[in-house]
Amino acid sequence: MVGASELWQQMRYLMPEGLLLCAGLVILLFDLVVKKGRSLYPLAMLATAGAAALALLPLESSEPLFFGMIQSDAFARYFKVFSALAGFLVVLMSMDYKPLPARFVGEYLGILVLALAAIMLLAESTNLLMIFLSLEFLSLSSYILVGFLRNDKKSKEASLKYFLFGAMCTAVMLYGFALLYGASGSLDLPAIKAAFANRQNTPLTCLAMLFILAGFGFKVAMVPFHAWVPDAYEGAPTPITAFLSVGSKAGGFAVLLRVFFTVFPGLDYHPYWLAVVGVLAVFTMTVGNVIACSQDNLKRLLGYSSIAQAGYVLLGFVVMDGRFTQPAVMIYLLAYLFMNLGAFVVVIVIANTTGQEEIDDLAGLSERSPLLAWSMFIFLLSLAGVPPLGGWIGKYYIFATLVKGYLEGLSGGNLMLWFAVALAVNSVIAAYYYFRIVKAMFFEHARERMARPVVGGPLLTALYVSLILTFAVGLWPQPFLNWVSRMALPLL
Amino acid sequence: MGPTLDQMLVLSAALFGIGMIGTIVRRSTIAVFMSIELMLNAANLAILAFGRAHGVMEGGILVFVVMTVAAVEVGVGLAILVALFYFRDSTNLDEIDQLKG
Amino acid sequence: MYLLPILVFVPLLVAVLLLLAPRSTSPNLVRMVALVASGLIALWSLGLPLSGARVDYSIPWFSAWSWSVNFSLVADGLSTPLILLTTILNFNCVLYSVGVIRKSEPAYYFCLFLLEAGIVGTFLAGDLFVFYVFWEMMLIPLYFIIGIWGSEQRIYAAVKFFLFTLAGSIFMLLAIIVLYNQTGTFDVAALAALAPRLDPVTQKWLFWGFFVAFAIKVPLFPLHTWLPDAHTQAPTAGSIMLAGVLLKTGAYGILRFCIPFFPAAAAEAAGFINTLAVIAIIYGALLAFAQKDLKRLIAYSSVSHMGFVILGCFTWNVPAISGGIMQIINHGISTSGLFLCAGLIYDRTHTRQMKELGGLADPLGRLTGFFAIMMLSSAGLPFLNGFVGEFLVLLGSWKNSVWLTVFAATGVVLGAIYLLKMFQAGMLGKPAKSEYAKLRDIGLRESLALMLLVIPAFWIGIYPKPVLSVVEREAAKIEKTMSTALPSGTSMIEGRALWAVADERDVQD
Numbered sequence: 001m002v003g004a005s006e007l008w009q010q011m012r013y014l015m016p017e018g019l020l021l022c023a024g025l026v027i028l029l030f031d032l033v034v035k036k037g038r039s040l041y042p043l044a045m046l047a048t049a050g051a052a053a054l055a056l057l058p059l060e061s062s063e064p065l066f067f068g069m070i071q072s073d074a075f076a077r078y079f080k081v082f083s084a085l086a087g088f089l090v091v092l093m094s095m096d097y098k099p100l101p102a103r104f105v106g107e108y109l110g111i112l113v114l115a116l117a118a119i120m121l122l123a124e125s126t127n128l129l130m131i132f133l134s135l136e137f138l139s140l141s142s143y144i145l146v147g148f149l150r151n152d153k154k155s156k157e158a159s160l161k162y163f164l165f166g167a168m169c170t171a172v173m174l175y176g177f178a179l180l181y182g183a184s185g186s187l188d189l190p191a192i193k194a195a196f197a198n199r200q201n202t203p204l205t206c207l208a209m210l211f212i213l214a215g216f217g218f219k220v221a222m223v224p225f226h227a228w229v230p231d232a233y234e235g236a237p238t239p240i241t242a243f244l245s246v247g248s249k250a251g252g253f254a255v256l257l258r259v260f261f262t263v264f265p266g267l268d269y270h271p272y273w274l275a276v277v278g279v280l281a282v283f284t285m286t287v288g289n290v291i292a293c294s295q296d297n298l299k300r301l302l303g304y305s306s307i308a309q310a311g312y313v314l315l316g317f318v319v320m321d322g323r324f325t326q327p328a329v330m331i332y333l334l335a336y337l338f339m340n341l342g343a344f345v346v347v348i349v350i351a352n353t354t355g356q357e358e359i360d361d362l363a364g365l366s367e368r369s370p371l372l373a374w375s376m377f378i379f380l381l382s383l384a385g386v387p388p389l390g391g392w393i394g395k396y397y398i399f400a401t402l403v404k405g406y407l408e409g410l411s412g413g414n415l416m417l418w419f420a421v422a423l424a425v426n427s428v429i430a431a432y433y434y435f436r437i438v439k440a441m442f443f444e445h446a447r448e449r450m451a452r453p454v455v456g457g458p459l460l461t462a463l464y465v466s467l468i469l470t471f472a473v474g475l476w477p478q479p480f481l482n483w484v485s486r487m488a489l490p491l492l
Numbered sequence: 001m002g003p004t005l006d007q008m009l010v011l012s013a014a015l016f017g018i019g020m021i022g023t024i025v026r027r028s029t030i031a032v033f034m035s036i037e038l039m040l041n042a043a044n045l046a047i048l049a050f051g052r053a054h055g056v057m058e059g060g061i062l063v064f065v066v067m068t069v070a071a072v073e074v075g076v077g078l079a080i081l082v083a084l085f086y087f088r089d090s091t092n093l094d095e096i097d098q099l100k101g
Numbered sequence: 001m002y003l004l005p006i007l008v009f010v011p012l013l014v015a016v017l018l019l020l021a022p023r024s025t026s027p028n029l030v031r032m033v034a035l036v037a038s039g040l041i042a043l044w045s046l047g048l049p050l051s052g053a054r055v056d057y058s059i060p061w062f063s064a065w066s067w068s069v070n071f072s073l074v075a076d077g078l079s080t081p082l083i084l085l086t087t088i089l090n091f092n093c094v095l096y097s098v099g100v101i102r103k104s105e106p107a108y109y110f111c112l113f114l115l116e117a118g119i120v121g122t123f124l125a126g127d128l129f130v131f132y133v134f135w136e137m138m139l140i141p142l143y144f145i146i147g148i149w150g151s152e153q154r155i156y157a158a159v160k161f162f163l164f165t166l167a168g169s170i171f172m173l174l175a176i177i178v179l180y181n182q183t184g185t186f187d188v189a190a191l192a193a194l195a196p197r198l199d200p201v202t203q204k205w206l207f208w209g210f211f212v213a214f215a216i217k218v219p220l221f222p223l224h225t226w227l228p229d230a231h232t233q234a235p236t237a238g239s240i241m242l243a244g245v246l247l248k249t250g251a252y253g254i255l256r257f258c259i260p261f262f263p264a265a266a267a268e269a270a271g272f273i274n275t276l277a278v279i280a281i282i283y284g285a286l287l288a289f290a291q292k293d294l295k296r297l298i299a300y301s302s303v304s305h306m307g308f309v310i311l312g313c314f315t316w317n318v319p320a321i322s323g324g325i326m327q328i329i330n331h332g333i334s335t336s337g338l339f340l341c342a343g344l345i346y347d348r349t350h351t352r353q354m355k356e357l358g359g360l361a362d363p364l365g366r367l368t369g370f371f372a373i374m375m376l377s378s379a380g381l382p383f384l385n386g387f388v389g390e391f392l393v394l395l396g397s398w399k400n401s402v403w404l405t406v407f408a409a410t411g412v413v414l415g416a417i418y419l420l421k422m423f424q425a426g427m428l429g430k431p432a433k434s435e436y437a438k439l440r441d442i443g444l445r446e447s448l449a450l451m452l453l454v455i456p457a458f459w460i461g462i463y464p465k466p467v468l469s470v471v472e473r474e475a476a477k478i479e480k481t482m483s484t485a486l487p488s489g490t491s492m493i494e495g496r497a498l499w500a501v502a503d504e505r506d507v508q509d
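Protein chains in written order, with the numbering used here: chain V, 1 to 492; chain A, 1 to 101; chain S, 1 to 509.
Heads up, a few of these hints could be off.
[What the hints assert, rightly or not] Derived DEER-like restraints, expressed as beta-carbon distance ranges:
id: 1; chain 1: V; residue 1: ASN482; chain 2: S; residue 2: ASP199; range: 30 to 40 Å
id: 2; chain 1: V; residue 1: ASP296; chain 2: A; residue 2: VAL65; range: 52 to 62 Å
id: 3; chain 1: V; residue 1: LEU29; chain 2: A; residue 2: ALA71; range: 38 to 48 Å
id: 4; chain 1: S; residue 1: THR410; chain 2: V; residue 2: ALA446; range: 26 to 36 Å
id: 5; chain 1: S; residue 1: GLY184; chain 2: A; residue 2: ALA79; range: 42 to 52 Å
id: 6; chain 1: S; residue 1: SER66; chain 2: V; residue 2: TRP418; range: 21 to 31 Å
id: 7; chain 1: A; residue 1: LEU78; chain 2: V; residue 2: ALA195; range: 50 to 60 Å
id: 8; chain 1: V; residue 1: ARG452; chain 2: S; residue 2: SER469; range: 54 to 64 Å
id: 9; chain 1: V; residue 1: THR202; chain 2: S; residue 2: ASP56; range: 53 to 63 Å
id: 10; chain 1: V; residue 1: THR202; chain 2: A; residue 2: ALA14; range: 30 to 40 Å
id: 11; chain 1: S; residue 1: ASN181; chain 2: V; residue 2: PHE30; range: 53 to 63 Å
id: 12; chain 1: V; residue 1: THR202; chain 2: A; residue 2: LEU11; range: 17 to 27 Å
These aren't lab readings, by the way, just hints derived from the structure by calculation.
Predicted, not measured: the structure shown is a model, and the values here were computed from it.
Using N, Cα and C, we set each Cβ at its ideal position, and we do this for glycine too.
All chains should be modelled from the sequences, with the hints used to inform the complete structure.
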């Protein structure tokens with residue numbers, strides 16, 4: 001039995017999320033006392049920056065912690081850094097986001113910081129119970145954050161739709177957990193893996209896998225669990241939209257990687273997996289890209305684009321070979337973090353200037369603010385996967401993973417080549433709508449009385465950080481690649 | 001002798017199916033909430049049945065956690081609904097159409 | 001040692017400097033910087049032919065999970081002439097543009113220099129990954145040049161151009177990745193040795209993966225539809241770079257990658273591709289006839305002329321291949337010259353419609369002279385550059401297939417006719433408008449820009465040997481690859497499409 005002192009020892013692995021949890025509660029408490037919520041921003045920034053710093057400390061343990069609930073390994077640490085970094089940028093973005101009611105900033109920041117801790121917990125859970133808890137923790141905080149604009153009907157409606165869809169997917173996932181529990185007799189991932197070692201794939205495990213995919217697919221915005229995305233993205237406060245598109249999506253991918261890499265490799269299920277996930281991934285990116293073409297609202301457009309991006313990342317899962325899938329997915333997410341957050345920074349500035357977020361509001365941006373126009377252009381290029389930017393390195397590795405899977409003669413290899421072709425076709429469709437924005441910014445002229453956008457300090461910082469890192473991942477990928485390969489889950 | 005594993009699983013699957021259909025078919029938000037609760041409890045039932053069949057107890061803990069979380073979920077959901085009701089005077093999903101989706 | 005990286009990075013640096021220049025920078029300073037930088041880069045590139053047959057530079061870029069990429073640049077007989085063409089045309093464009101462009105100038109020169117860096121990088125890349133990066137990089141500035149500084153339909157043309165080329169290149173990316181996984185290297189020199197040993201089916205797929213991307217850029221019939229729009233709508237400098245070097249990147253890719261990497265597949269496809277090339281020659285010429293717009297006419301003439309390049313490249317003997325390469329260079333000189341003249345005419349008359357022109361020879365004497373030389377060089381008059389390439393291609397092609405040669409030769413005749421017709425309609429006859437009499441002829445700056453093209457045109461036409469000897473060496477290399485890659489003893493006949501073999505028999509009978 002593990003003693004109390006030992007548990008206390010194990011706490012040191014949970015420092016980043018511990019810091020965030022405490023900070024979240026402190027912010028909520030302060031909010032009761034301090035009436036001016038804005039003074040809490042530095043606290044939130046400090047907490048996220050501190051959590052990122054703590055997560056960067058090389059504190060890892062390959063042993064299961066807290067009775068097998070948690071495994072604080074390098075993989076979890078990667079997503080801790082990821083989540084804290086995303087959180088830091090989102091807090092910066094929120095500072096200048098005008099529609100946010102000043103009175104409630106405290107609650108907003110408190111819940112946001114707690115949601116970041118939830119992502120961290122999600123990435124390190126190794127027990128179905130813990131996964132369920134942290135997933136719900138993340139979902140519930142997200143529902144509230146989406147509906148945070150008190151006097152905005154759209155925000156409330158987005159929140160309700162997100163909630164209903166999310167609750168349904170969670171219930172389906174829980175049923176999947178139940179089936180998995182039934183098939184293996186345990187909730188503990190390593191124990192489930194041991195129970196499955198060299199076993200045939202049964203209908204029960206297949207069903208369990210599908211149901212679980214529903215829950216995780218909801219988080220990463222996979223078709224057909226994507227229906228909430230456009231509405232929630234449009235209605236939510238823009239920083240929260242950015243958070244959903246990056247943070248909560250990364251959490252979903254983290255748990256997807258962990259569960260599907262620890263539990264299922266014991267089963268002989270590859271062709272089945274390939275068909276289901278591959279086809280879903282292709283649908284995801286195609287649906288996202290095709291519908292995005294007809295969107296006029298920037299947030300909706302980026303929402304559909306984020307569905308498509310989830311599809312690209314999911315294609316990395318098709319190969320299910322630990323050597324390639326994990327690093328490809330992780331490097332893609334890293335590039336995606338910077339380019340997508342950067343794009344949302346520009347959207348916030350535009351919304352602050354014109355009061356809405358339509359593509360038309362970007363017309364003639366290159367004349368009104370060259371800095372914003374060129375930055376947005378870089379982010380969009382990166383999202384479209386044009387070299388030599390971060391998104392391109394990510395897309396390249398996804399492509400390379402598929403080709404590797406094809407050439408190494410994994411079963412269903414030919415299908416992989418077709419998936420790669422589908423990815424290629426989708427990249428062209430995506431370029432079309434990303435370049436609709438570019439067209440508006442550079443080729444069209446500003447309407448009359450369009451103000452010159454003003455970028456304040458925090459937004460400018462977020463913009464520069466995203467810009468520099470988008471370039472860095474593309475131009476000098478070596479350190480990022482090294483880091484990612486060090487942080488991948490141990491191969492089984 | 002209680003019901004067998006198969007019987008309990010069939011019941012749970014039926015409850016889950018009813019809940020699933022309910023979430024899709026019913027247009028009243030409250031009814032959808034209830035359907036989701038039904039699905040969660042169907043899962044709980046399955047977990048307990050499997051736990052008994054395997055003779056392990058961990059499932060029971062999960063069920064407690066799920067029950068708690070479900071309560072929280074309803075709390076949050078109703079709060080959102082009330083906030084929306086403040087604008088709308090309706091809980092009918094068909095009338096919640098400000099956003100295109 | 002730093003000869004090559006400087007060629008790529010200095011334009012890039014200049015571009016970034018121009019973009020980051022404060023808004024208050026005087027336009028004169030911007031123009032000055034652009035002019036001087038572009039001139040110095042052109043001078044620097046002259047160091048390439050002087051420093052030996054092959055120059056290379058390589059440093060590791062990144063590597064992870066069994067994929068490693070070197071940033072390597074190589075200049076050899078194939079790329080050197082094209083790089084010279086690029087840097088000189090860029091200087092030309094800047095020289096022309098400083099007098100014309102008045103709209104957001106820093107951004108304009110940013111695009112021009114970024115384009116130069118992209119194209120030079122494409123020609124220099126000694127690593128497929130690096131090649132792809134530059135290949136995509138050159139799309140962006142041209143997209144802007146067309147979209148921002150173009151004429152009425154510019155947005156449509158820019159988007160069409162961008163999507164067409166992107167669609168082609170993304171499949172090339174897939175082919176590059178497959179190729180890497182099969183051979184374990186991105187290095188072009190190593191691949192030239194390894195790739196031909198791949199199994200025929202893989203070769204075939206990879207060949208087409210590369211070829212479609214290049215054929216769109218060339219552009220080969222039926223993938224050419226983006227070109228007339230892009231050319232017509234682009235500003236003059238855009239047209240010059242597009243016709244002068246951007247199209248060449250496609251032909252360069254075919255010669256550098258498609259043929260040496262996949263000789264068997266290339267041999268199998270040659271019959272089909274040559275037919276397409278001849279169709280392009282005739283189709284382009286016929287459509288050029290029907291055009292009323294000056295720039296559109298030149299654009300279709302490009303389709304026709306680039307057909308000769310493809311025909312030359314896919315006919316496996318030294319004269320044809322060297323003719324193809326010569327045609328690449330010559331088309332770069334003549335067509336850019338034509339576009340430059342068309343631009344100068346447009347600046348003065350504000351119309352591109354030939355029926356609204358006419359009678360310009362009187363007021364615009366010097367311009368008419370230059371235009372005539374460029375027109376004749378494009379038409380393939382002996383003692384001008386255009387003749388050398390087309391003649392060699394036809395000569396080589398004759399040995400391969402008489403029918404194709406006959407049809408291709410009609411393209412030359414048609415070319416002469418529509419170009420003369422264009423010249424006549426534009427410059428000779430009665431002025432369409434009375435105010436044309438008061439037009440100002442070209443000045444020193446513009447004459448200098450044109451001289452930069454006229455001199456090489458005469459030089460290659462009269463004394464082609466220095467260029468031709470370099471080109472023939474490259475052609476011989478390709479010919480050797482083809483003859484060793486194919487079943488020995490049967491030379492090229494076996495590798496060709498069946499109907500081409502039948503053709504040959506008819507001739508022998």
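The hints, checked one at a time:
Taking the beta carbon of each, ASN482 (chain V) and ASP199 (chain S) are about 35 Å apart, inside 30 to 40 Å as hinted. For ASP296 (chain V) and VAL65 (chain A), the Cβ-Cβ distance of about 44 Å falls outside the hinted range of 52 to 62 Å, so the restraint is violated. Under the hint 38 to 48 Å, the C-beta atoms of LEU29 (chain V) and ALA71 (chain A), about 24 Å apart, miss the expected range. Between THR410 (chain S) and ALA446 (chain V) the CB atoms are about 52 Å apart, so this pair departs from the stated range of 26 to 36 Å.
One distance hint, 42 to 52 Å for the beta-carbon pair GLY184 (chain S) and ALA79 (chain A), is violated here, with the actual separation near 59 Å. At roughly 23 Å, the beta carbons of SER66 (chain S) and TRP418 (chain V) sit within the given window of 21 to 31 Å. A hinted range of 50 to 60 Å for the beta carbons of LEU78 (chain A) and ALA195 (chain V) is inconsistent with their spacing of about 39 Å. Between ARG452 (chain V) and SER469 (chain S), the C-beta spacing of about 59 Å keeps the proposed range 54 to 64 Å intact.
Checked against the hint of 53 to 63 Å, the C-beta distance between THR202 (chain V) and ASP56 (chain S) comes to roughly 59 Å, which is consistent with it. Against the hinted window of 30 to 40 Å, the Cβ-Cβ separation of THR202 (chain V) and ALA14 (chain A) comes to about 21 Å, which falls outside the hint. A beta carbon spacing of about 56 Å between ASN181 (chain S) and PHE30 (chain V) agrees with the range 53 to 63 Å that was offered as a hint. For the hinted restraint 17 to 27 Å between THR202 (chain V) and LEU11 (chain A), the CB-CB distance of approximately 21 Å keeps it satisfied.
Comparing the model with each numbered hint stated earlier shows that hints 2, 3, 4, 5, 7 and 10 do not hold.
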